[in-house]
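Asks: Protein chains in written order, with the working numbering: chain A, 1 to 403; chain B, 1 to 403.
Derived from the structure by calculation, the hints contain no laboratory data.
Model, not experiment: these values are computed from the prediction.
Each hint should be verified, as a subset may be incorrect.
Pairs count within a copy or across copies, as identical chains cannot be separated in the list.
Unchecked claim - Pairs of lysine-lysine residues, derived as PhoX-like cross-links and limited to a Cα-Cα distance of at most 20 Å, are as follows:
(1) Lys67 to Lys122
(2) Lys122 to Lys66
(3) Lys377 to Lys66
(4) Lys226 to Lys189
(5) Lys316 to Lys386
(6) Lys389 to Lys334
(7) Lys51 to Lys67
Number of protein chains: 2
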Amino acid sequence: MINVNKNFSLLENNYIFTEVNQRRDKYQQENKDKKLLQLGVGDVSLPLPKKMVKIMQKELKKQCGKKHFRGYPPENGYDFLKNAIVDYYKRRNVILQKDEIFISNGAGCDVGNLLDLFGLNKVVIQNPTYPAYYDSSIIAGNEIILLSATKENNYILSPDELEFDSYLIYLCSPNNPTGATFDYASLKKWVDFANKTKSIIIFDCAYESFIEDNCPHFIYEIEGAKNCAIEIASFSKTAGFTGIRCSYSVFPKNLNIDGLNLNSMWNRRQCTKFNGVPYFIQKGACYALSSDGILECKKNIITYKENAFLIKQCLKEQKYDVLDTNNSPYVWFKCPNNMSSWEYFDYLLNEYQIVGIPGIGFGSGGENYFRFSGFAKREDIVEAIKRIKTKKIPPNYEVNPKS
Amino acid sequence: MINVNKNFSLLENNYIFTEVNQRRDKYQQENKDKKLLQLGVGDVSLPLPKKMVKIMQKELKKQCGKKHFRGYPPENGYDFLKNAIVDYYKRRNVILQKDEIFISNGAGCDVGNLLDLFGLNKVVIQNPTYPAYYDSSIIAGNEIILLSATKENNYILSPDELEFDSYLIYLCSPNNPTGATFDYASLKKWVDFANKTKSIIIFDCAYESFIEDNCPHFIYEIEGAKNCAIEIASFSKTAGFTGIRCSYSVFPKNLNIDGLNLNSMWNRRQCTKFNGVPYFIQKGACYALSSDGILECKKNIITYKENAFLIKQCLKEQKYDVLDTNNSPYVWFKCPNNMSSWEYFDYLLNEYQIVGIPGIGFGSGGENYFRFSGFAKREDIVEAIKRIKTKKIPPNYEVNPKS
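Just chain A, same shape as in the assembly (with noise of 0.2 Å):
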C-alpha cells in the first residue's frame, strides 16, 4: 500500500463555508418562498470599474489575433504589474525589488503553497483565525500553536505569550475575522521577537485597502521586517478580484534559512508547480494600482465600510457585545443569548432567513461568537437591520439540539 497523508483525517469534514452553504441551501429547498440574506461569506457582491473591465476585454479579445497572440505567461508575473506594485508600496515608504514580488492567482494559494518551503515547524496561529492558514498547516502535519485573540487583549496578539523558540507565525491585520488592526508598536513587537528568535512571519495583508486609523499596512512599513517576514496581499478584496484571480506575494531577497534562500525557493516552487496568471488578468491588475484606478476600487471600499457600520450600528443599538473597528469589512460579535455560533447560525437562517458566519468556524476561540460581512449587497444589508430591529431575540428560545 502507498502511504497517504494521514493528516487529512484531523481535518475538520467541511471548510466552515461549505458547510454554511450546504444548510442555506437545504433550507432555501425547503423554503422556497423565502429570501435570504446573505450577510455571510468574505465575497464581494459590487461590479468591478467600468474601465477596467475595459481594458481586460481589449487584452483578451488579442487572443484570436495572430499578431498580438500569447501564450504561457512569466510564472511570477509580467514586469508591469510587478513595477506598478513596487510603486504601490512607495505611497508608504516601503522599497521593494521587482524579483522580490511574485505574482500568484491567489492568496489562499500562497497561504497554504508556501509551506512546501518549509520542514516541520511549530506554527503560531491566531484563533479564532482564517481557516486557510489552520487546516493547511495540518495537512503539512506542523505543531500548532493557538494564540487567543479574545476581548481581554483587545483581539490584537502579542508574542510575550511565547517561549522563546523559532516559529512560523501567520499574522493578518487588518484580521479576517475580527477586523482587529495592528497598530506600529504592536506589529513592531512581533517583528522584533521574529527577529530575535529567528522565526519567519506570514503576514496577510489582503485587507490592507480598508486601513483608515493610522496603522501599518504593509508589514514592511516595520524596520526590520525583511529580516523575517514574507507578504501575502491580493487584489481579491481590494479590486474585487474574487472572481477574477490575481494576487502576489512579496518574499524579501535576503531571508535565509539555514543555507537556503526562501526567495529563490519561492521562485523554483512556483516555476515547477504554478504557470503563471493570464495577461489580461495583470493587466486588469495592473489597472487596480493607477491613481485612476485606486479611487474608482476606493468608492467599492467605502461602500463595503458602510455596509459594515450600519450593520455594527444597529446591533449595537440592539445591545450586541460588537467589536468596534474601523479597518475592516467585517462585524465580529457575541451570539445573544449565550447561544453557540451554530445554533445562532441555524437561529438566525430560520428566524431571519439571515446567512452569516458562525464563529466557531473560524476555531474553537470563535465559539459564542458570529461574522458578519459588509461585502454583502447595500439592500440584504438594510432588510437585514430591518428584520434585527424588529424581531427582538425571544428570551426563550428553544436551542434544537440536532443543530
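Could you slot chain B onto chain A? The hints should help.
Replies: Quick look at chain B alone, frame taken from chain A:
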C-alpha cells in the same frame, strides 16, 4: 532556527525552460540583428477561435454590471463545465461522475499539488520526463525510481522492470518529450500492475487530442483504471489555453487508501488551498468541448502536427535519428555527431539561430537528445528547415568546453 525544506537543495538551480530562455535572451542581447527561430518550448502560437474569445469577452463584460456580477467561483468548477467534460469522455465510452472532476488552473499545478495527498513514497518516473513530475517529487521528499524510455524499448515503459511493490507512477501519453504513445495493451499492463500492487497511477493526458492512432486517450478506457488512476487533463494544448489557464483532474470516487478517500482529500485540499477558475474562462473552456469548439480547436492541432511532420521529414532526410510518431506535437531526435544536448543547443543557437530544448533538460535519459516543438510558428518551422537543409553540420565542429 525554523526547519526549511532541504529537498530544494537537491534540485537543479534552474527549471529547464528558464535556463533555455536565459541563454536565448543573452544571445539575442549580444546579437540584436539576428532573427531567432523559436522551436523550443511547448507553448501554443496560434490564436484562439474567434467565437471562443467572444464568449469569454461577453461574460467578462458582465463583471462591470450589477446584475450578473460574480465573485468567487466554486473551488472545483462550475457544473456546466463538468457536464461538458462528462459528455466529452462519453464520446470514448468513459463514464465519469460530475463530482469526480475538479477544474483547476493548470495541469502543471495539479501534477505537483496532488502530492499533498500522499506521504513519502517510491515514485516511478520516466527518464526522460516532463520536469514537473520529477521536481515536485523531489520537493516532497520522495524516493524516485527512474525508468528509461529508449530506442530499445520503443520509448514505451513497461512495469516488468519494477519489483513487486506499491508506487506512485507518473505516466504521460502521448509523451512529453518523446511523443511515444501507449497502445491499449501496453497501458493495460500498467493498470493491471497498479491494481495488483496497490499502486496509484497519475496519468497525464494533456496531449490526448493529438492522438490519431488507435490508442487510449484517457486511462479510464482501460478496465480497472478507476481503481488505481488519477487523470490530469488540460485545455492548454487541446484548446490553446496556455495563456488563459484552465485544466482539470479526475479523481474517481472509489480510490481509497488506508481508510482515506483520495477524491474527498483532493476536494478538501482544493477548498483549502485553491479558489477556483474564473467563470468567463470556464465558459471558454466549455465552448472548446462543444461540437463546434472541438472542430475549431482541431484546426490548430492539425497545423501543429503538420509543423511537427515537416520538421521530422527534414530531419529524416538529413539522416538524423528521429522518433517517428503520429500522435504528438513534439519531435524527439538524437543530436548529430554525438554532441551533448547542451552542446547541440548552443551550436543550433549560434550557428542556425534556432532555439530548441536540450534533451538533458528532461533528465539524464535525454542526454544526447533534443526536442523540437510543432507548436512553433509555421514561418519559423519553414525557415528552420531551410537553415538545417542548407547549413550542414560541420564534422569538425569545435565544442566550446564552457558551454
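Asks: The structure should be examined with respect to each hint, and the outcome stated for every one.
Replies: Hint-by-hint comparison with the structure:
no.: 1; hint: Lys67 to Lys122; result: neither (52 Å within a copy, 46 Å between copies)
no.: 2; hint: Lys122 to Lys66; result: neither (52 Å within a copy, 45 Å between copies)
no.: 3; hint: Lys377 to Lys66; result: between (42 Å within a copy, 10 Å between copies)
no.: 4; hint: Lys226 to Lys189; result: within (14 Å within a copy, 53 Å between copies)
no.: 5; hint: Lys316 to Lys386; result: within (14 Å within a copy, 79 Å between copies)
no.: 6; hint: Lys389 to Lys334; result: within (17 Å within a copy, 78 Å between copies)
no.: 7; hint: Lys51 to Lys67; result: between (24 Å within a copy, 18 Å between copies)
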